[in-house]
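Undergrad: Residue numbers (this note's numbering), protein chains in the order written: chain A, 1 to 303; chain B, 10001 to 10231; chain C, 20001 to 21050; chain D, 30001 to 30117; chain E, 40001 to 40205.
Please note that a few of the clues may not be correct.
[Claimed, not checked] From the derived model, a few chain B residues whose C-beta atoms are all more than 12 Å from chain C:
no.: 1; residue: L10103
no.: 2; residue: D10108
no.: 3; residue: V10111
no.: 4; residue: N10124
no.: 5; residue: M10144
no.: 6; residue: L10145
no.: 7; residue: S10152
no.: 8; residue: R10154
no.: 9; residue: L10155
no.: 10; residue: T10158
no.: 11; residue: N10195
no.: 12; residue: F10196
no.: 13; residue: L10224
no.: 14; residue: R10228
[What the hints assert, rightly or not] List time: in silico DSS-like cross-link candidates among lysine-lysine, alpha-carbon distance up to 25 Å:
no.: 15; chain 1: C; residue 1: K20152; chain 2: D; residue 2: K30104
no.: 16; chain 1: D; residue 1: K30104; chain 2: C; residue 2: K20288
no.: 17; chain 1: D; residue 1: K30027; chain 2: C; residue 2: K20152
no.: 18; chain 1: D; residue 1: K30065; chain 2: C; residue 2: K20067
[To be verified] Stretch-level coverage of chain C by chain A, calculated; a stretch enters the list once three of its residues show a Cβ under 8 Å from a Cβ in chain A:
no.: 19; segment: 20374–20386
no.: 20; segment: 20800–20811
no.: 21; segment: 20956–20964
no.: 22; segment: 20989–21000
No wet-lab data here; the hints were simulated from the structure.
Yeah, the Cβ is synthetic: ideal placement off N, Cα and C, and Gly gets one too.
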Amino acid sequence: MENFWTTLLYAFISMFIIFNYGMVLGGVVYKIIARVHGRFGPPVWQPYINLVKVMGVRTAISHGIMFWLGPVFRFTGGIGLFLFMPVLFGVPWMQNFSFSGDLLLVIYFIFFGQLGMALGAAESGHPYSPMGIMRGLSQVTASEVPFALAVIALAAQHGTLSITEIVAAQQGGIANWNIVTNPVATLAGMMAFLGMMMHAPFNLHIAPQEIPIGPPTEYQSNFLSYMQANRAFFASAKLILFMNLFFGGATNIPVLVGKTFSLYMITVFIGVVNPRFTLENSIRWFIRIPTVTGIIAVLIYTF
Amino acid sequence: MIKRLFSFVLLTGLGFVFYYALTNITASRELTGVSAEYAERGAAELGAANLVTAIVVTYRGLDTLGEVSVLFLAATGIAVLLRRKKGYVQARSEDKRGSSEILKTGTDFLVPIIVMFGVYIFMNGHLTPGGGFQGGAVVASAVMLQFLSNPSYRLNHTVFGFIESMSGFFYVSIGILGIVLAGGFLDNRILPLGNFGSILSAGAIPVIYTLIGLKVGTELAGILDNMRRDA
Amino acid sequence: MVNPIYIIAVLLGIGFILPLTEKKLSKLGPWVFYAGMIFTALVSYQWFRFFIVSGGETYHIFTAGVKPPLSINLQIGLFESVLLFVTNLTGLAGAVYMTKQISETGVRAMVLLLLLLLGLNGLILTRDIFNLFVFMEITAISTYSLIGMDVKSRSLSAGFKYMTAGGLASAFLLLGIIIVYSLTGTLNLDGMIRSAEGIKNVKLLSIGSMMILFSFIIEAKQFPANGWALDVYEGTKPGVAGLISGIGTTAVFFGFYKIMPLFTNETLKIVMWAGLITFFFSNLMGMKQENVKRMLGYSSVAQTGLVISVSAWSFMLGNDKLIFPMIVLPLLFNHFFTKTGLFWIAGLVKKDTTGLWGSITENKILHGIFIILILALSGFPPFPGFWGKWNLVLAMSLDSNFFYIWVLLAGSLFEAAYLLKWAGITLKKDKSKDILEYNSYKMLALQIVVLIFFAVTVYYFMTGNFDHTNGGLHFYLPFALGTGLLLLPFIPEKLKGMISMSVIAVYAFYFLPDQNGIGRFFNAMFLSGGFFLTFATLNRKDRSRSFYPLLMLMLGSLIALVNSDNILHFFFSWEIMTLSSYFLIHRGKGSAEESFRYVMFSLAGAFLMLLGFAYSFPNLNGQMSFGIFAVPGQFTSLSFILISIGFLVKSAALGLHLWIAGSYAKAEDDTSAFLSALLSKAGIFGFVMLLLAMGAPSAGKFDLAYILSWIGALTALIGTMMAIYEEDAKRLLAYSSMGQVGYIILGLAIMSGLGWTAALFQMVNHFLIKGILFLAIAGVIYRTGTSEMYKMGGLIKKMPWSFTAVMFGIIAISGVPPLTGFGAKWLMYEALIEKGWYLQTGMAFFASTVAFLYCFRLIHAIFLGQPKTEFRNVKEAPAWFLIPQYVFIMAIFFFSIFPRVLIDRISAAVEPFFGKSLTWDGNTVISSLGYWNATAVMTIVGVVFVVLAIGLFIKLPKVQKVKQFNIVFAAERPETPELTHFAYEFFRPYRRAMGWMVRPYATRFWRSVTESAYTVSDALRKIYTGNGQTYIFHILLVLVILFYISTGVK
Amino acid sequence: MNIIFLIGFALMITGFWGMLTQKNMIKIILGLAIVETGVQLIMVAFGFIEGRTAPILDSAVPVKKAVEMIVDPVPQALVLTAIVIGVAVNALALTFIIKMYQKKKSLNITEYRDLKW
Amino acid sequence: MTMIGEENKNEKKNFDTELFCDAVPKEVPRINGIIQKFYDWAQANSLWILAFGTGCGSIEMRPLYTARYDISRFGMAPRPTPRQSNLFIISGYASVKTLKRIVRSYEQMQNPKFVMGLGSCTVNGGMYWDSYNTINRLDHYIPVDTYVAGCMPRPEALIAGFEDLKKRIKEGRAEGANEYAKNFEWYKANQKKVIKDWDMPDYNW
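So here's chain A without its partners, still in its complex pose:
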């Protein structure tokens, strides 16, 4: 951080890029899902419209201070997560504030927004909110296990927990990517990724017919706008994280777009063709196959 203001400026630029990228990505995904269904689908800029719409809502109700702060927590979590990650390898203006901490910081910061959001949603007093949170949190705990194991395997492999260094070690062609050099860990990580994206089939926490939309049942108007904007950051931040960890990172924006988009497509396609798991099912699944894979990945480096 040679110059604070430069860093800040760069951060704003990358945030701007990633926000739009995240929004468009969302739209594209809607479109793709619709096409898979054989529909025409909404326009790719539909997320923008939705965002503007919720911002234009005239009234809002609040259940209390924590309810009010929940989306703030959530959005801070999303932005923070993104800001703590180096986005493009070797590109100085896309390093954000990654000097703040290493991979562990990023992993743990994922929870910041979720926890804050959970608190806010829970204050609404709507029983569906804690129900959704319970489901979401439960599933996260299960899916974090293989992810953690994969990360540990990577750390063991590269002898570092710095994302930049992990990406650096993967430079120089696809043969150096972790998916090639450490396929087991990647497999475990990617299975965990399905759960972490909270996409179908692992989206019981929002189960619309059962507990309408889950945690954010009570959220509306501008609260919702924060959450929608956050989704752009959060989802892309997670994608970037996985890209950095397993797929060699990116050195320029097209590569970034390409890799993250393909990563996202994995979850989208799996989600589109799979029915929703019950909570027990998904937890058991995560604790079995992905975790065992993760343990194998770790054991490789233990002995």
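Since the structure of chain A is provided, determine the placement of chains B, C, D and E on it from the hints.
TA: Same frame as chain A, but now just chains B, C, D and E:
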């Protein structure tokens, strides 16, 4: 039955223990240790012809004092156990049939003789076999004869109690006198040793034995009386 | 100097003359009686002073004016004088105690007592074996009579059984005496012992000594030839039973002790083991006992067995001169006074069953005495029993007799079990208000005995191996504070709390700056934690006077623990801490069972720790510094394991955690904070000391540190897992505490600079967080009156400050950046990965994510969701609770922004042992694997958060505030808050999926252990059928068995 | 080996048998008395020396030759004490039995099992 | 804990003011200018339907999401919570019982909110015009922006209705929420006239 079997097995085991002991006992041929010393010094030192008495009353006088206390304790214990609650009226003994004339006369005749015999035994304890305990027991047997022959016989508790207490007390006092006047507690040499073999010899031994005899006699009599009244 | 023979003479003289006063001089009798008693006490005091103060030489008394062996001689030396004094004083007290009974029975009861005393004095004084027999008979017969004195069927039958046994004993004694006499030609003990060595007929001698031995085994009530003794204790009036158990046993023991040199080493070995077996089995059988006097009887028998066992062993070693005052006397005194006192208390309470002893609380002094005696009997410091056992264990270890120590400690544990259970019952007042009859004579007698006991205790405490030069203050501090506060009678409790706080503050002020090294963190933590958490206790409304003394005792012992510089200090403080915390927990409502479980686990752990010490102790000759662990020896790894188990119990490691939830939950709410925030660190401190001194040895192929790491990781995971299913907030926090401490253990097990930094950082973190959380919950419970989370809800509106505190607490505890919890996690994972323990890392990670579940549940179920109608009017928690919480929160924020302040100091403390592990670049801490800039994280998060919050505020200047039922619904309106608040069995689906992890294996295991112990206990005690004949059978059986053991099976 | 020893031990065994098998308390005490008698017999036997006389120094036993002519006096002294003590204990025990009988009207020892375990 | 209904027995108000907010809705004026236009446009292009099948017509709504009709083209989507939806489709007859729920759900939606009456029943009662328990005119109870007549109207008709609604929104004429607030008394009176067991605050926030 199983109990008897177990007992039998156990006692067989115990029998082997005793057998083991028995096979290892060797008969002694001569006096060893303290007994030899007693034999050598006893007569000269204490002036008692009966060495057993010398040992009992003086050398191991503390034992004997303890022995007296044991008996005293037993008597006290029995008295405590058989004590009567306040307001207890003793069953009248009229309904018991009196004993026959022959028995009464015989008893009256025998009792003084038995008492005399007892007194003789404890008076001569330092010379001949016998002593305070034996004599006392004999005296008590006279009382027992009275009890047996005469159901309505009453012991004079005041007198008996007084004799009992005072004889014990004097015994202890003589023991203390031993510290003051002679070599140690219960030393018999507070009185002159006298002529070896005569009745007034061996220092305080005859006195002590007399006291013991009185005490034992009264105590045993008291025990008998207590038991008789209660049973 | 009055010749001790006068004791005998005077007692006898008075005894003989007393019956004369029966009728006419009945006023005079008692005067003479008490005069005689006082005379003996005075004479013995004179000798006592002569030997203790002037250090006089042993004095011989010859009777009959002839030298031994011809005559009987008495001897009074140091030990005799001590025993004599204690016996006569207690005898006097006993006479006072039985005043009423004596006056009812009449003058003859006085005679019995006098002669009992005579017999006991004789037993202690005499040096002639036959004389010993006579005095034993005097003792026995007076005891029989005293037993039968109340002429009840029970006491009569007990006395009868006693007499048959006593008759057998005397028969065998006579047989033995005559055999030994026939071989040695003397009856004088010294002469016998002298000439016994040259005897040719060894077999006969061994039979003779065997007979004597056997007789004493019966008289000393050794297992299993002791059924009658238990009946006697049960059937007799407590006054007499106390005398039998106290002075009677002591004198008989001393007689036995005098004869012991006569025995060969093989025989002594038998005595030693027989005594130990008695100790073990009697205590085991005592566990099932509910009859107070019989239970005391079992304990009495056990203690006698132990004392005899130790004495026999001391003669085997040929080291009796040293062992007697160091081990035997403390054990004996401990037994003597406590048993006398307890029996006498039983005579005041007049309840046979332990369950009915609630009425003792009517009399505070009596109750206090009772508790103290129970503790002394259980072997807790600072009472003599502790010193005796401590010295015994270490001495045994020097003799490499470890099996003995195992059995000894097992027996002690059983004993503590039934005693503490009993004490626990009395601490809980029962509903039936029995009036406690107040008897001033009995109280007086009791107080005499207890006062002597205190004197003895103080003596042993003052002379008990403490090195006063170095940090001695710490060890007196807890007691000084505790008793000081207890004795401040009339000041209000609040003032006491403030005094406590100021004492802590002053202490910290003068003491902390001089500290360095790892101990400083513990000191600082305990002192600051103690200060602020005590602040919360100022809110207390109840008038109970024991709280602050106990609290200060606990804090003081924690400080003493940290500053102990040898294993004795350590163990001493450890026990005090266990004890004080036990009582603190016990104060909670309905906590009897839980606190009992706590103290049993703790005690078992402490005993294992003691065993560990013992295994290491021989390594360095007689030194007690922690250095003994550094010296590798034969048992290094075993020692490590045992000590570790002790610490693991305190840290509630998996499998040893059964106590934690219950005791944290049932303790009073402000106390729980102390337990979790401070007390749970004691085990950690133990590990720090242990690992520093010992490193991490390996047992065979296994690296113990590696195993420890798995224990830590599993504890972290399973503790957390159990926390999420709890409905009770405090139980939840208790399990959370268990999990968090698991992390600390994991960190310590890494045995690297980074690992230890992580562990200590986590420790400080946990201390702050649990302080906050428990206090916040305490505040909530204080207002709502319930700790069931699902019964609350929506309290955020009523208690926003508590909510905020809990929120920061859970953010910190779950390890989410930017608060300190993340720092701990970061350090921990870096250290683990650096070490190469990847699986443990994964498990720790899993645990930390699972922690979110309970964190959320805690805050949701209490503060969020639907407020309940009944809690509509609750107020914010009192400021007493809130202020410490916010102090801690400020500390958390400070450490979150500037973790360097803490990490630098921790690293500096850890560096001497492991070298440098972290480097700094400005505010960025750099490890070998990664980096972390807490200041930057905090700044970024803070700025983003504030900007977004402002943004939202600008966009939404006015929002409609709605109420709890203004939630989305279409069909039926929410019916009641209870039905709308989703909190009960919150994680049920999770349980369906992951419940297999928390199956109560440990509970089942420990339940089966305790149940089988009780079953064995119950089955075993059935040998005491109550039939006198069976007892005769036992006695003869023991004889035969002993004989065959000693001579070898033919 | 002396026949008296044998008789003494036999008496002891007999007494034990009585104590172990008889339910009547008086008989048990009698058994104890028999045991004691056996012990006393053994004690005296230990002092006995073949061909010697009683330790009374009269005309038959001159003081100077006492050492060679008398049996051991000590066991006799001890026995004296032992007998008295035995008597005392037995008397007390019988008193206990009397009181017990008064309470329960039974002499059977198995009836007195209120205290157990 | 109070049982259902029991809590209201002796109180004057038939609901607990501690549990329910009893504030009255307020009119929120439109901000004149380009921003409002922009918002209107966004509202029109992002209609989230409150997924509440109030009547038989709900069966006609399902095909809208299918490949054949696919209203997601217009940025429309079902939304399970009234808080986030801005289009309430009353799909057919509204019985008195359902009306209560309709009113609640409507009131729980946030201000720019639009109502579409589906089928003749909502216009004038349709075939249930003389039923004892069906209301006849929906707009007596809540403001309706668009009616789609028919019994039942086909999805195509619905789409046409959406287009009409979108036009109204863009023109700024779909101010049902403000209208409701303005004539709150009147609407409430109408509602209470038919709904006898009124146990709620007047406005369900």
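Undergrad: Now tell me, hint by hint, if it's right for this structure.
TA: Comparing the hints with the structure gives:
With 12 Å as the threshold on Cβ separation, the claim that L10103 (chain B) sits away from chain C holds: the shortest Cβ distance comes to roughly 33 Å. The Cβ of D10108 (chain B) lies farther than 12 Å from every Cβ of chain C, with a closest approach of about 29 Å, so its non-interface assignment holds. In this structure V10111 (chain B) is separated from chain C by more than 12 Å, as the shortest Cβ-Cβ distance comes to about 25 Å. With a least beta-carbon separation of about 21 Å from chain C, N10124 (chain B) lies farther than 12 Å from that chain, consistent with its non-interface assignment.
Residue-level check passed: M10144 (chain B) sits 21 Å from the nearest beta carbon of chain C, beyond 12 Å. At roughly 25 Å from the closest C-beta of chain C, the C-beta of L10145 (chain B) stays outside 12 Å, upholding its exclusion from the interface. Distance to chain C confirms S10152 (chain B) as a non-interface residue, since its nearest Cβ pair spans about 23 Å, more than 12 Å. At roughly 16 Å, the least C-beta separation between R10154 (chain B) and chain C is larger than 12 Å, which holds for a residue marked as non-interface.
Every beta carbon of chain C lies more than 12 Å from that of L10155 (chain B), the smallest distance being close to 14 Å; the non-interface claim holds. With 12 Å as the threshold on Cβ separation, the claim that T10158 (chain B) sits away from chain C is violated: the shortest Cβ distance comes to roughly 8 Å. No Cβ of chain C approaches the Cβ of N10195 (chain B) within 12 Å, the least distance being about 21 Å, so the stated non-interface status holds. With 12 Å as the threshold on Cβ separation, the claim that F10196 (chain B) sits away from chain C holds: the shortest Cβ distance comes to roughly 18 Å.
Every CB of chain C is more than 12 Å from the CB of L10224 (chain B) (nearest about 17 Å), matching its label as outside the interface. The beta carbon of R10228 (chain B) is kept farther than 12 Å from every beta carbon of chain C, the shortest such distance being approximately 18 Å. For the given pair, K20152 (chain C) sits about 11 Å from K30104 (chain D) by alpha-carbon distance, which is consistent with the 25 Å threshold. Straight-line distance between C-alpha atoms of K30104 (chain D) and K20288 (chain C) comes to about 29 Å, which puts the hinted pair past the 25 Å bound.
For the hint linking K30027 (chain D) to K20152 (chain C), the alpha-carbon distance of about 22 Å falls within 25 Å, and the restraint holds. A C-alpha spacing of about 23 Å is found between K30065 (chain D) and K20067 (chain C), which places the hinted pair at or below 25 Å, so the restraint holds. Judged by the Cβ-Cβ criterion of 8 Å, the segment 20374–20386 of chain C is not covered by chain A as claimed, because only 0 of its residues qualify and three are needed. Closer than 8 Å: that is the beta-carbon criterion, and the segment 20800–20811 of chain C has 5 residues meeting it against chain A, so the requirement of 3 holds.
For the segment 20956–20964 of chain C, the assignment as covered by chain A holds, since 6 residues bring a beta-carbon within under 8 Å of that chain's beta-carbons and 3 suffice. Coverage of the segment 20989–21000 of chain C by chain A holds. Counting CB-CB distances below 8 Å, 5 residues qualify, and the rule asks for three or more.
In summary, the numbered hints that this structure violates are 10, 16 and 19.
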